[in-house]
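The listed protein sequences correspond, in order, to chains A and B. Heads up, the final residue of the first sequence is numbered 151 in our numbering, and it's a clean run with no missing numbers. Heads up, the final residue of the second sequence is numbered 293 in our numbering, and it's a clean run with no missing numbers.
Since the hints were made in silico from the structure, they are not lab data. No experiment lies behind these values; they were computed from the predicted model shown. C-beta atoms are modelled at their ideal positions from N, C-alpha and C, and glycine is treated no differently. Among these hints, one or two may not hold up.
[As the list claims (entries may be wrong)] Okay, the calculated bits of chain B under chain A, using three or more residues with CB under 8 Å as the criterion:
hint, segment
1, 235-246
2, 278-286
[To be verified] Lysine-lysine pairs mimicking DSS-like chemistry, simulated, CA-CA at most 30 Å apart:
hint, chain 1, residue 1, chain 2, residue 2
3, B, LYS267, A, LYS125
4, A, LYS62, A, LYS91
5, B, LYS183, A, LYS125
[What the hints assert, rightly or not] On the chain B side, residues computed to face chain A include the following (Cβ under 7 Å):
hint, residue
6, SER164
7, CYS184
8, GLU249
9, ARG253
10, LEU258
11, GLN265
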Amino acid sequence: MNPGAHNSAVKTELCRRYRFAASHRLHNPALSEQENNRLYGKCNNPYGHGHNYILEVLVSGKIDPSTGMIANLADLDGFVEREVLEPFDHKSLNEDVDAFRGTVPTTENLCIEIFRRLKPFPKAKLERIRVQETSNNSFEYAGDNPEGFEG
Amino acid sequence: MVLLTRKIEFAASHLYHNPDFSPEENRRVFGKCNNPHGHGHNYTLEVTVAGEPDPVTGMVLDLKDLKEILEREVMQRMDHRFLNYEVPELAGQIPTCENIARVIWNLLDPKIKQGKLHRVRLYETPDLFADCYRNGSERAKA
Chain A
1 MNPGAHNSAV KTELCRRYRF AASHRLHNPA LSEQENNRLY GKCNNPYGHG
51 HNYILEVLVS GKIDPSTGMI ANLADLDGFV EREVLEPFDH KSLNEDVDAF
101 RGTVPTTENL CIEIFRRLKP FPKAKLERIR VQETSNNSFE YAGDNPEGFE
151 G
Chain B
152 MVLLTRKIEF AASHLYHNPD FSPEENRRVF GKCNNPHGHG HNYTLEVTVA
202 GEPDPVTGMV LDLKDLKEIL EREVMQRMDH RFLNYEVPEL AGQIPTCENI
252 ARVIWNLLDP KIKQGKLHRV RLYETPDLFA DCYRNGSERA KA
């Protein structure tokens, strides 16, 4: 196939959006009940609560001229399904995900854990992820790669 | 620096097929995107231009000019077209979201004279999009 418009002056990223629903409770056992309550407000309610999370995964790489793709979506979907959606969807982040046994499952920490899980994706470079907790809150994480935020 | 973004939508059809692959390979790699008569999407394009607002007009660039560039370069070429057969810039390429975004970047970059093209984001569906940026070394020159 014709490499056509391929041009090293342009960097291309592929971005895919996924959804999962999970519950969490923001609570730090090192703090007093009062402090937890003051700090986390209703997110500290004892039985937790849930969100429909939206996860955006952004990867970069050379576009393979024979497929026109940075990464085959089937490979990316399978990887994200195995590493994030299957272990997180319809789960309690506090109870069901080992990483949050000793870490408060804020969406900041959730971003860091999801990035850690997706970083080894073998078919393209993980640039960054974005997690939307509600339509008013979203968080982005690019690991230790400052360029991950700016294309 | 201020970033200015304009959005347009166009509808087009495409299919993924590499003539160098066997029918089985095409099917395996491209799945239902290889269906022979193609299929379509409503594409959403977001074009972001970076620059300093002109002290007289307060604008990075005139949105009307950007609208005309997008109309001429993208809408007239791609809207209600079969991308594989009717867009010469995509000839010989698989019209994936990545490749279409790159073609759009290459069409727009030389036409934007006020400010600098910063990002091209093309949504094929709400859950799939591709972004193009100027590469690091080129960005330093821009």
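Hints, verified against the model:
1. By the rule of at least three residues with a Cβ nearer than 8 Å to a Cβ of chain A, the coverage given for the segment 235-246 of chain B holds, with 7 such residues.
2. Residue count for the segment 278-286 of chain B with a Cβ under 8 Å from a Cβ of chain A: 9. That meets the three needed, and the coverage hint holds.
3. In summary, the hint linking LYS267 of chain B to LYS125 of chain A is supported, as the alpha carbons are separated by about 26 Å, within the 30 Å threshold.
4. Distance restraint check for LYS62 of chain A and LYS91 of chain A: the Cα-Cα separation of roughly 36 Å exceeds the 30 Å cut-off, and the hinted pair is therefore not satisfied.
5. Only pairs whose Cα atoms come within 30 Å are accepted, and LYS183 of chain B paired with LYS125 of chain A is accepted, the gap being roughly 26 Å.
6. Taking 7 Å as the C-beta contact cut-off toward chain A, the hint placing SER164 of chain B at the interface is violated, the least distance being around 16 Å.
7. Among the interface hints, the one on CYS184 of chain B is violated; its C-beta lies about 9 Å from the nearest C-beta in chain A, farther than the 7 Å criterion.
8. A hinted interface residue such as GLU249 of chain B counts as satisfied when its beta carbon comes closer than 7 Å to some beta carbon of chain A; here the least separation is about 5 Å, so the hint holds.
9. A cut of 7 Å between beta carbons decides the hint on ARG253 of chain B: the least distance to chain A is about 5 Å, and the hint holds.
10. For LEU258 of chain B, the interface hint is violated, since its Cβ never comes within 7 Å of a Cβ in chain A; the closest pair sits about 9 Å apart.
11. Checking GLN265 of chain B against chain A by beta carbon gives a least distance of about 20 Å; that is not within 7 Å, so the hint is violated.
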